[in-house]
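Colleague: Listed below are the residues making up each chain.
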Amino acid sequence: MNQENNNIEVNPTAFKKTKGFKPIYLIILVVISISLAIGISFYGDTSKYVCFAEADEIAKDRPNLQLHVVTTLNKTKGEVYNPQQDPNYYEFYASDTTGNERKVIYYNAKPQDMERTDKVVLIGYSRNGYFEARDILKKCPSKYEKK
Amino acid sequence: METILFKNEHLAIGNFGQIAVVIAVFSALLSAIAYAFSTNAKYKDLLNFGRLFFIVQSIAVFAVFITLFSIIQNHYYEYHYAYKHSSNDLPIYYMISCFWEGQEGSFLLWMFWHVVLGLILMKSAKTWEAPVLAIVALAQVVLGSMLMGIHVGDIKIGSSPFILLREHSPEALLIPMLEKIGRANYLQIYKDGNGLNPLLQNYWMVIHPPTLFLGFAATIVPFAYAFAGLWTKRIKEWTIPALPWALVAVLVLGTGIIMGGYWAYESLTFGGYWAWDPVENASLMPWLLIITALHLLLINKSTGKYPVLTMVLTIFSFFMVLYATFLTRSGVLGNASVHSFTDLGLSGQLLLFLFLFIALTFALSFKKQKHAALFFGVVFIILMLLVFWPFNTSMVTVSIIGSVILLISTIWFISNLFNLHASGLENDKAYSRELWMLIGSMVLLLSGLHIITQTSIPVFNKLFNTSRAPRGEDYYNLWQMPFAVMVVFLTGIGQFFKYKNSDAKKFWEPVLTALLISVMLSVGALYLFKLWDIKYLLLLIGGIFAIVANTHYIRVVLKGKIKLAGASIAHAGFGLMMVGILVSSVNKKILSDNSRGQGFFAEKTEDGKVDQVSIKNNKENILLAKGRPVRLANNTLEATYQKSKEVAPNKYFEVSYKFFDEKGAVKDSFVLQPNSQNNPKMGLVNNPDTRHFLTRDIFTHITFESGLERVEEQNFDHFKTDTVGIGGVFVTEDGTRQLTFNNINVIEASKDLKTLHLQAEIIVNSLGDTFIARPEFISEDRIRIKESIINEAGIMVIMDRIIQDENDERNMKFIITTATRRPKIDYIILKAIEFPYINLLWGGTLIMIFGFTLSIFQRFKEAKRRRLVE
Numbered sequence: 001m002n003q004e005n006n007n008i009e010v011n012p013t014a015f016k017k018t019k020g021f022k023p024i025y026l027i028i029l030v031v032i033s034i035s036l037a038i039g040i041s042f043y044g045d046t047s048k049y050v051c052f053a054e055a056d057e058i059a060k061d062r063p064n065l066q067l068h069v070v071t072t073l074n075k076t077k078g079e080v081y082n083p084q085q086d087p088n089y090y091e092f093y094a095s096d097t098t099g100n101e102r103k104v105i106y107y108n109a110k111p112q113d114m115e116r117t118d119k120v121v122l123i124g125y126s127r128n129g130y131f132e133a134r135d136i137l138k139k140c141p142s143k144y145e146k147k
Numbered sequence: 001m002e003t004i005l006f007k008n009e010h011l012a013i014g015n016f017g018q019i020a021v022v023i024a025v026f027s028a029l030l031s032a033i034a035y036a037f038s039t040n041a042k043y044k045d046l047l048n049f050g051r052l053f054f055i056v057q058s059i060a061v062f063a064v065f066i067t068l069f070s071i072i073q074n075h076y077y078e079y080h081y082a083y084k085h086s087s088n089d090l091p092i093y094y095m096i097s098c099f100w101e102g103q104e105g106s107f108l109l110w111m112f113w114h115v116v117l118g119l120i121l122m123k124s125a126k127t128w129e130a131p132v133l134a135i136v137a138l139a140q141v142v143l144g145s146m147l148m149g150i151h152v153g154d155i156k157i158g159s160s161p162f163i164l165l166r167e168h169s170p171e172a173l174l175i176p177m178l179e180k181i182g183r184a185n186y187l188q189i190y191k192d193g194n195g196l197n198p199l200l201q202n203y204w205m206v207i208h209p210p211t212l213f214l215g216f217a218a219t220i221v222p223f224a225y226a227f228a229g230l231w232t233k234r235i236k237e238w239t240i241p242a243l244p245w246a247l248v249a250v251l252v253l254g255t256g257i258i259m260g261g262y263w264a265y266e267s268l269t270f271g272g273y274w275a276w277d278p279v280e281n282a283s284l285m286p287w288l289l290i291i292t293a294l295h296l297l298l299i300n301k302s303t304g305k306y307p308v309l310t311m312v313l314t315i316f317s318f319f320m321v322l323y324a325t326f327l328t329r330s331g332v333l334g335n336a337s338v339h340s341f342t343d344l345g346l347s348g349q350l351l352l353f354l355f356l357f358i359a360l361t362f363a364l365s366f367k368k369q370k371h372a373a374l375f376f377g378v379v380f381i382i383l384m385l386l387v388f389w390p391f392n393t394s395m396v397t398v399s400i401i402g403s404v405i406l407l408i409s410t411i412w413f414i415s416n417l418f419n420l421h422a423s424g425l426e427n428d429k430a431y432s433r434e435l436w437m438l439i440g441s442m443v444l445l446l447s448g449l450h451i452i453t454q455t456s457i458p459v460f461n462k463l464f465n466t467s468r469a470p471r472g473e474d475y476y477n478l479w480q481m482p483f484a485v486m487v488v489f490l491t492g493i494g495q496f497f498k499y500k501n502s503d504a505k506k507f508w509e510p511v512l513t514a515l516l517i518s519v520m521l522s523v524g525a526l527y528l529f530k531l532w533d534i535k536y537l538l539l540l541i542g543g544i545f546a547i548v549a550n551t552h553y554i555r556v557v558l559k560g561k562i563k564l565a566g567a568s569i570a571h572a573g574f575g576l577m578m579v580g581i582l583v584s585s586v587n588k589k590i591l592s593d594n595s596r597g598q599g600f601f602a603e604k605t606e607d608g609k610v611d612q613v614s615i616k617n618n619k620e621n622i623l624l625a626k627g628r629p630v631r632l633a634n635n636t637l638e639a640t641y642q643k644s645k646e647v648a649p650n651k652y653f654e655v656s657y658k659f660f661d662e663k664g665a666v667k668d669s670f671v672l673q674p675n676s677q678n679n680p681k682m683g684l685v686n687n688p689d690t691r692h693f694l695t696r697d698i699f700t701h702i703t704f705e706s707g708l709e710r711v712e713e714q715n716f717d718h719f720k721t722d723t724v725g726i727g728g729v730f731v732t733e734d735g736t737r738q739l740t741f742n743n744i745n746v747i748e749a750s751k752d753l754k755t756l757h758l759q760a761e762i763i764v765n766s767l768g769d770t771f772i773a774r775p776e777f778i779s780e781d782r783i784r785i786k787e788s789i790i791n792e793a794g795i796m797v798i799m800d801r802i803i804q805d806e807n808d809e810r811n812m813k814f815i816i817t818t819a820t821r822r823p824k825i826d827y828i829i830l831k832a833i834e835f836p837y838i839n840l841l842w843g844g845t846l847i848m849i850f851g852f853t854l855s856i857f858q859r860f861k862e863a864k865r866r867r868l869v870e
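Here the protein sequences line up with chains A and B, keeping their order.
Mapping the first sequence onto the working numbering, position 14 (from 1) lands on 14, and the numbers just tick up by one.
Mapping the second sequence onto the working numbering, position 465 (from 1) lands on 465, and the numbers just tick up by one.
Next up, chain B with everything else stripped away, as it sits in the complex (with noise of 0.2 Å):
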């Protein structure tokens, strides 16, 4: 090929990006050796490389932070990850969601917080500094890795976010715009960018993915002081420095994930926060374990006991971490999931680094160096050797051979901890806090390892070459309940056991306290929410002994401490969240219920009976004719479509909402705007809007309007000419429509009345509406007219004629042909829900964050001190 000069591009800042992202990659792998080789006393001098190679590091991923962001900031196109993520009309906040829209931007916002937390672990680590900071720079070094874009021979190394659009795809230059100008000056026509989704143009998606991977970022804290425990054999020391950072992981992850149902409530029109898709799912796994850890640690802190549990646990969720990536970046959800991601041919890749962190933490279980070094050669070697795999065998049998190697050195790797630790199952006393903590976790670690299993279908049908379906909703609800019943009601009573063993007259005395108090709360609250079903009875009760409970405990044993009270108030939120979860979803109300197609097209069973499977069809969507009223939802609201406005790109749909009591009475009345936004790269899409009440939220968007349909343009049919004077009512030839002759206008006469022009003026009644048509009538050398159209009412009104009397000039009759057609109104298609008491769900949430922030304030300082005592 011909070499071109490019014009306009700015390459500089690429190469900058680029060289900066090699520096970041390679000093974080000398960092990584040096911080290694440190924690031999006999290198000990090497720990202040590691500590520069860190920070030169830190710098070159700051580096390339900014970079990126001023070449979507610059709108420089002729980059690919600008052109595909950002286009020039979107405001600065948004060009911070371009930035890690793509995976490039993601993988970096997940170095970035990295480095923040590495930076931080240097200055507060100590004697954990070295080991702790080998694993945090061996992290960096694979992200980083993601990020090089560099081809070695058929192997790709990462995706680099600073490829030009040019080489990411040739075909932009082929296209025959540019035969004209040349394709140097191919800029000349990508002057904007894609733009980012309009879904993802909301203030929560700008703080949401940086809050999520800043808790992806931290479970490797805890994990590293686990490897390091391992590594440098203070197997038991470990827990004191990773409890608080578990804590950390465990607040951060929570809320970004929070937040994230938050932005779909608010901007998807699915109408919920949470639907169970694998990637949500995604999320969930690694928060399940780590918040099981947590537990844990919190167990062997104060009693010492199940030490390979604990290590297992913690070590594992960030292994979870890193599968949950893989499924989310790999492509291999595919058709499970609505996200979809576009799979940059890294799944290799990220299947080597979740082996590589696998078989280094387990070789490190092994007691003599040898043996682990042994272990990890070949672990590692036969996995990757599996993951790559030349021969032609089948997939099948590779899955086996692998998934039996994962499954023997996992158990190899926990017989080999039981050794290190010297330790057997422990025994405890039926009264004691550390037997049901136990329970409580064993509780959360199967809900999640459910969860696992069901959203980990598509890899097995990969590995298995299986064809299941990912479950649905319903499924996961009805196996998740019982899970949460538990959990909220070990919640309640967890802390009312002490360690080791407690009175159990002192034990009962307060929970029976608080579960009485419950159960006749719960009765207010099945009158105030209508929970009339049984089989929701245990969560609410449960729920709200949570809260209870926690509260009495707060008040009776921690005499109002409220610093101290971090737990309890964690465990209160997290029962109200149940609570606002349960009432939330079971009594959602889908308001524009339109039961008038109820039925209407239910199938017929071979014995003639009503198919039960499609009567059960949610009718959900409402029609709404502009400025005409609908009642809906049993009489209790009605709904009017007002008006449509653009503000381009957006198309506003006026609604007003007016809620009836039971006497009539007007309750409440506002006007929700839905909006459709219509963009011309990423097609139609529609934005709910929401108003909220305390008790209550009114939810809804637009499924349809009438400006979507593309009908042909109908004919005119039935003809019929009336004659008719001034005050003249007649009607179409169809009947349909009533038409009164108003007036007759002139608008121009002459004096000789060579030039007339008359326009008349008539009332058009269709389907209870009124218009006015107003044909014309002109008549200068020769005779035109001009017929009046009205589609609204899907009619044509033609004067034909005038006949003046002739004795009475005053008397003019007038010929009028009229021809009908459907009418073309101007309507939406509406879906509305009322979410009752969500706002208990919100709020229990942020009661629960609250609790989470003080435990880890209280914890630091725990650890702290223990550090100053040793």
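The shape of chain A in the complex, shown without the other chains (with noise of 0.2 Å):
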């Protein structure tokens, strides 16, 4: 160990000067194909904020690509929600900001607080005839705030 660094200490450019292979340049190139992998996948295949009459030419060609629908809640038309029967199930309607309406099932038990909740985001898959939802993320309004 010692004789190595003397050899350093001695020679300090020998270091310096190597000639043939630079890891740095591979580094470099690794770096940059990885950062280039990082903005292509930011690009490629991912889910999208769409309507539901979006959402359903979608599902046509890929039925198992995640959507997001911004919705309003349609609590005038009900919801079904019988845990008794299943705890897992759990369907309502919802208006896309078109004015689409369209049935929407949650195969979970039913959020807290959805009743104190306007606006959701759906997140899930268009199907034949109504909406799955995977994930619904809720915005409380909150008393005494400017719109």
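Just so you know, these hints were derived from the structure itself, not from any lab.
Heads up, the beta-carbon is just placed ideally off N, CA and C, and yes, glycines get one too.
Treat the hints with care, as some may be off.
[Stated by the list, open to error] With a Cα cut of at most 30 Å, we get these calculated DSS-like pairs of lysine-lysine:
1) A:Lys-22 with B:Lys-301
2) B:Lys-824 with A:Lys-103
3) B:Lys-861 with B:Lys-561
4) B:Lys-645 with A:Lys-138
5) B:Lys-156 with A:Lys-119
6) B:Lys-156 with A:Lys-22
7) B:Lys-824 with A:Lys-77
8) B:Lys-588 with B:Lys-658
[What the hints assert, rightly or not] Partial chain A-side listing against chain B, Cβ under 10 Å, derived:
9) Ile-24
10) Tyr-25
11) Ile-27
12) Ile-28
13) Val-50
14) Tyr-81
15) Ala-109
16) Asp-113
Reassemble the complex: the two chains are provided individually, in unrelated frames, and hints are given to aid placement.
Modeller: Laid out in structure tokens, this is it:
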């Protein structure tokens, strides 16, 4: 170990003048290519914010692509949550930003606080005749909050 | 509008706070200017003014801090901040949480930490004091102005925490109740505040935000040194004092992030500690940058290499803090996050500050002052013009121009730095520590870059008018796992290299030993953890390797000197963390898996096959009726909902758990009490309860309960009349409930039998449960009957008539009418999750924190020694 160190100290330019393979270039190359991959992945197959009609179109070709729909709950239409029968089935109606209404099924317990919510983002899949939500993002309006 | 003299308001305290904010901002500004000039030898004397104004500013910030706290503490609900974030029933420690629930409070917290750090630096920075404190003071101007709440024309500067409720929400005075008592007396109605979100009523929420904000605040110190290095042209020396501070930022910010994760795990119901939510990512992004900068600072200290990269990363980690603040505070995340943040209308101001710091730093990279001033002026003005674009052009054009300008100036900045450092690309030997540390740093940087781009999707949407949705957890896990694998292996080998060059044999010997041990341990771990998926194997071996190799390094190379082992301990802790994350998330088990309904709702596709997507639905909630044990998780667990009790505002549900071993004997038995809070202002909030064991955690929360069911009272149906004697058995019309006439009690009887009050005792068997119905028969001047309704059995029992045998007075028959409806049972919908070996994660975290702390002491000592030598 000492010898090795001595060598370097005696001849400090030795490692600067190494010819041939330079690891730093390889690192730069790899870093750039992974950055590119990140960039491509960014533009790749990504979920989108859509309305119900667009979701139907997309579901025809790619039924497994998760979609996001910004909706307003339609509370007058009622909801179905009958936990004694099936605690993992919740059904309600929501309208997208174009006013298009759709039945939504959420195979899970009814999320807490749905009564106090108006707007939800549905994340899921367009199915035959309904939208299957995998996730429901809620935004609760707060009292005395300026719109 | 008429002027009203409002009663019982405490206006003096708010005015005092407001004045203190203004004093803080202006003295910070004066301090920044004085300090800035004193970097020039000509104006050296201004240094004392810089100090003086900084101290004045510090006192003012303390004053604001205390003022806001006493407003909350004293329940002065005339102030919007107190009204919105606190309430009368909160204990003092949650008052502290109220303080930083709002944005204004958290900005104030940030300023507070800047004050503390600034005062420490004033004492310790010596020759760096003037430029470093100038930057800290400038940051204080920026943050302080966010609290001003002053309107200049149409533009709002900051949002004041001292705004009155009636100023903030004039509609608060318009409610009908005030018509009677008069608007002047409005405080008689606003006697209690909105309260603190129940989810935040947790001890971790008392300490997590201050820790996180100290972490954010601490990133300014290494940045300030880098900035000062550029400014005063000490472009090599700045790294020495910056290094220990970068460590402080890494430690504190990291600890803050973990605390947030632990809070989420303890008190949120998503079942985990990390969900790749944009807000979580926003705290992780600067951390990944500052830890990359830390490694570069270490390389630079020992070899003098990569000065440009070191500087760029240190500077950008602070920019990333500003950017993350913009992300979480501007409302741009909107639909992307479950966290709702109020947009205070400060996004323009936030961008202004981000660009101010960027333009200022970039300008300093020019050698000539003239060029620097010109660059700053042009870039800053253009960027500001773009933010507050007054012309009618499409947003996309503006965004593209802005992005191109930012990109060009960044490249310009970096090339200037290369010129300044007179440095090109260095070359390293394959067996040098700097090369492998650089590789590791690049992996961390790329991991950060990936998270940054993905988290910025909502920003891209806004800029380029697209509609991409943010990614889900799986996507992040997929991308981040390879990075994690590389990092754990690199932390294992890194320290066995020596700087500049090392002996190949000396390197491979211990590394191969450690690798061999790790592989052997991994085989054992596979059995222990039941981790049978090949795609996790590398991370498992890597994590174990990081632990073994670093322990080996402490033993063999450091000869057990713990004081010097900070880095190794932190690396080993990180390895353990990764193993913990892997095991606890891969083997996370939904105990309440409800296979009963699985596939039931599965949709059929057009060709008649079962839709695979729909069948994958997790049926994770199970119904537990009160008192009825349910077997779960392949018969290894019995859960029983025992009872509920109300301790306002919470309703606790006692659920007992019994775990069985293979032989069927009870292994563990315990009771968990998840609760739900029906907060009148915040709505229903469910809180989980977790039982911690050494090797696993049992996490449970309710998702619904029978009390929430709003079924309309069903009418009774299926009437049937029977004539029975005592001991007689009969059934309801549908045959689902069996009744036994057990006894008849005389409650009251006059001698002449003119008054007779009888009560029957009828045992009802409904679906295996037993209830007692007590219908009554009262005969006075007229006959009255009192029916008995048992909701849980869904039955009504009426005693219509009593027939007395003429011959035998004792022999009585009773005419009983029964009717049924759906039983109303007391039940909860429960979700239960098992997290195996999650303590490895928390243990690893603690070890990592311990390692960082050791390093901090070591590095501060070292930096002091260096300074003495100089």
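Colleague: Work down the list of hints and note, for each, if the structure agrees.
Modeller: For each hint, the structure was consulted:
1. A:Lys-22 with B:Lys-301: The hint holds at about 22 Å.
2. B:Lys-824 with A:Lys-103: At roughly 28 Å apart (the allowed maximum being 30 Å), Lys-103 of chain A and Lys-824 of chain B satisfy the hint.
3. B:Lys-861 with B:Lys-561: 16 Å, holds
4. B:Lys-645 with A:Lys-138: 29 Å, holds
5. B:Lys-156 with A:Lys-119: 28 Å, holds
6. B:Lys-156 with A:Lys-22: 55 Å, violated
7. B:Lys-824 with A:Lys-77: Since the Cα atoms of Lys-824 of chain B and Lys-77 of chain A sit roughly 25 Å apart, the hinted pair holds (cutoff 30 Å).
8. B:Lys-588 with B:Lys-658: The given pair, whose Cα atoms are some 19 Å apart, holds under the 30 Å limit.
9. Ile-24: At 6 Å from the nearest chain B Cβ, Ile-24 of chain A passes the 10 Å test, so the hint holds.
10. Tyr-25: 8 Å, holds
11. Ile-27: It holds, given that the least Cβ distance between Ile-27 of chain A and chain B is near 6 Å, below 10 Å.
12. Ile-28: 8 Å, holds
13. Val-50: Hint holds; Val-50 of chain A Cβ to chain B Cβ min 7 Å, cut 10 Å.
14. Tyr-81: Holds. Min distance 8 Å.
15. Ala-109: The hint holds - Ala-109 of chain A has a Cβ within 10 Å of chain B, the shortest such distance being about 3 Å.
16. Asp-113: With a closest approach of 4 Å, the Asp-113 of chain A hint holds.
Of the numbered hints given earlier, the model fails hint 6 alone.
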